[in-house]
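Student: If you read the protein sequences in the order shown, they are chains A and B.
All letters in the first sequence, in the order written, are residues 1 to 164 by my numbering.
All letters in the second sequence, in the order written, are residues 1001 to 1761 by my numbering.
No lab work stands behind these hints, which were simulated from the structure alone.
A couple of the hints might just be wrong.
Pairs of lysine to aspartate or glutamate residues, derived as EDC-like cross-links and limited to a Cα-Cα distance of at most 20 Å, are as follows [claimed, not checked]:
(1) A:130 <-> B:1602
(2) A:84 <-> A:67
(3) A:130 <-> B:1716
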Amino acid sequence: MTTTTDNHYIPPAKLRIFRDESQNLCAEIKDRGTWQKVAARLAFPYSDAERFILLSLNDEEIGMVRELSELDPVSRNLLADVLKRRYHTPEIQRILSVYEAQNAMIWQVETDRGQRELLVRDRHNFRRLKNGDFIIIDVDGNRFRVSGSRRFDGESQKLLDLHS
Amino acid sequence: MGRKKAIIWKTATSPSWIRQRLNEFVRDGEKVTLCFETDMNLQGEYAIEALVVTDRRVMVIAPDQEGVVREVPLQNVALVKTKLLMGNGFLVITTWQENTEMLRFSSSLATTLEEFKEEFEQYLMSCLAWQAPNQHEDEVEHKDEEESTADASEQARRCPKCGQLLPRDRDVCRACLRKRDVIFRMLSYLAPYKRTVAVGMSLTCVMATINAAVPALGGTLIDAVQGGAIGALKALAFVFGALVLIRATTMGIHRLVMTRIAQSVIFDLREQVYSHLQRLSMDYHDRQSTGRLISRVVTDTAQLQQFAVGQVQQFAVDLFFLFVILVWMLSCSAKLTVMLWFPLPAFFLLVKWYRGNVHKVLRKAFRTRAALSGHLADTIPGVEVVKAFSQEERAIGEFNSISDSYRNEVIKATGFSARFSAAFILLTQLGTVLVYWFGGLAVIHGELASLGDLVKFLGWIGLMYMPVWRFATLTEQFEYASTCAERVFDVLDTEAVICRNEDGDKLDGIGEGIRLENVSFHYEGGPPVLKNVSLEVKAGETVGIVGPSGSGKTTLIKLLCRFYDPTGGRILVDGRDLSEINLEAFRKQLATVGQSPLLFRETILENIRYGQPEASQEDVIRAARIANAHDFIMQFPEAYDTDAREQGSRFSGGERQRICIARAVLKNPNLLILDEATSAVDTKNEQLIQSALDLLIRDRTTFIIAHRLSTLRNADRIVMMTDGKVLDVAPHAELMARCTPYRELVEAQGQLGGGQLLEVA
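Take the sequences, apply the hints, and build the full model.
Tutor: Shown next, in the form of structure tokens:
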């Protein structure tokens, strides 16, 4: 399949992301219009979080941003913040303890967002990504990333190997 | 005993009884052309009759009957047909007045009879300008009488070498396979690791020797203690300590070495079996169940490895061990050694009895266990049906009944094993009792050097039991391992029917089109499924294929995908015979979307990219948009990174189908096969899928099988099939005007509300 001009992709030079007075996320596309209360979603949240961002309004697609880095700095930072908020995936830096309770495993961890207690049902809630990272999904749907390249302390690594 | 192949004879080579009888009543100038010898008479008795075709008549003669049994003038023949029933069939000739059953035959002759019928029809065409009439209405009349020959074709498979029936699930003949060959082949997997195996065996022999030495040390210790020899005691303690250390170290190294060999062998086996499985043609996969194939790769290979690495080594080491012990025993006391083996003849009889009966006893237990598993396999997945029909008590009753039988068989089998074990221990211990008595006497009378010697002897006896037990049960273990090995080798020895033609022509695209020339096909041992199908499809054309169930639509598609080769005629792609084109290059041009969409346990991204792993994310998104899948994919929190889970269980049928269409779109094929791609979804999903398919088929050579005729709205032409033949090919409007069966099909669907599923019986 060859790459040809695709109308779904918004030319970066024509796109401006901003917040209005009510702090709603807005998108302005030159020669097309302006949209308020825009939602931004990633097509590849784990495998490629800086590319292929879908902008939509009430589930109707406005267009896609191919590369975040191609946007102007203000739009880029704003969109990055929005995506970071949407795809809240704290990175686990240390595993304090893992024990069984409530027919599940309780993980007490330190993340880059602070300490947290996770209730994880079983091994099926661990997703290994192609780049070696893990995503742990707790019973409430919260997601936590374990970086494959991270060197954990001995105790944390032992717990991770045992329970993942 | 192999089956004699039935042949259609041309007079000169027909059996002598036919030639002799023909002399009696073939008239002057009458020319005999075809003969067919059958194995039943019309009354259903197994008897020989022959159908003879001359240039004037069709007649049936029998070796034990005067004159002609039945005859029909050749010029009166309007139709020749076969009626296939359960275990037998009829050849029926229809004249202008009536139907005459001319011949009856058993299922063994079904395939040959069909070939004969074709020859007969060709002869009729050539000499009478006879045209095979439209058989549709008559065939439909008899269709409900006819039995499926699928089971028969499964059972009729025979070894091409010796003619014996092949096992149901295997392609390799057990009669042709020698046990010795199986053993050597199992051991051949150790060949790449012979040095490591030699190290492992040496370590095992060291441990065995140390084990055998322990009783000797014990006996010597007793003598030293009795004699008050402190010096000897010290030396013994030191030696014993050293041996323990050596044994422990050797054991550790041995374990590592053996694990390395075992894992390497099983890796080699599994890699070989799985790779070969992937290369085998579809006919093999169609015959085997998924569970069976998984068992071959996972379980049977493990058993084979365990035997080759574990049991064979154990056998060799046990032999060495017993030899060492025997030598020491003989050096200690030849008389006691002979006494120990006194019960040996009885022991051999016992083992013979065990080996002769163990299979019968265990087989029953295995069969009942299989019945139990089978019942569970039915009723647990089918629990919805059980509950809907309130058959819970019945299911419980059946389960308890089978479970009870299994319990009884296991108790019987255990009883058998218990009797053997008891007798085995009795016989082996009888020797020990004799040694106790005569050994004790020998010590008292001074014939044995010391009490310590007796203790040594008794120690060695204790060590002998396990190896002897293993020898006794070796046959059973070997039988089980060799059964597993046969199943594994069956896979490895099965050759792909479809030749991959790695040196064949490569295909860059389909520029001209596809042509089927007199294509016929029958599955092995079965009746014809496709009969002289000829069809030409230009590049970029969309052709719909419709017809009743069993008309050969799906088989035609399988031939187009080259999962099978035609048994007659050929398929040409851009003028080149498909069977001579490089298979991989051809399949790269092809994409299929079937009724049951299959996703792998990967992300949506990887599933769409399955046939094109190098495709960019942008191309994947584009393909998903065309397939009307992008919007629902983006609704998932993880979008294209969403894990499909096992067989795509995370998604609905319609969603899975659209992901599969995206996969096909991404491949950008030149030849597209759609096999009832919308039949398993609701109307809303059907519309989404249909609009995706409309985009997909644009400018591609496409074959669409559909029961819902609305799916074919964009077809350039429609092929109407029935009973393995092409009835007519034309655009929709023309078919409506001139093809009655097609019109009836369309009208029937229109009456039900257009687009609804209708099976034409």
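Student: For every hint, state whether the structure bears it out.
Tutor: Here's how the hints hold up against the structure:
Straight-line distance between C-alpha atoms of residue 130 of chain A and residue 1602 of chain B comes to about 10 Å, which keeps the hinted pair within the 20 Å bound. Only pairs whose Cα atoms come within 20 Å are accepted, and residue 84 of chain A paired with residue 67 of chain A is accepted, the gap being roughly 16 Å. Of the supplied pair hints, the one linking residue 130 of chain A and residue 1716 of chain B is violated, its CA atoms being roughly 44 Å apart against a limit of 20 Å.
When the structure is compared with the earlier hints, a violation turns up for hint 3 alone.
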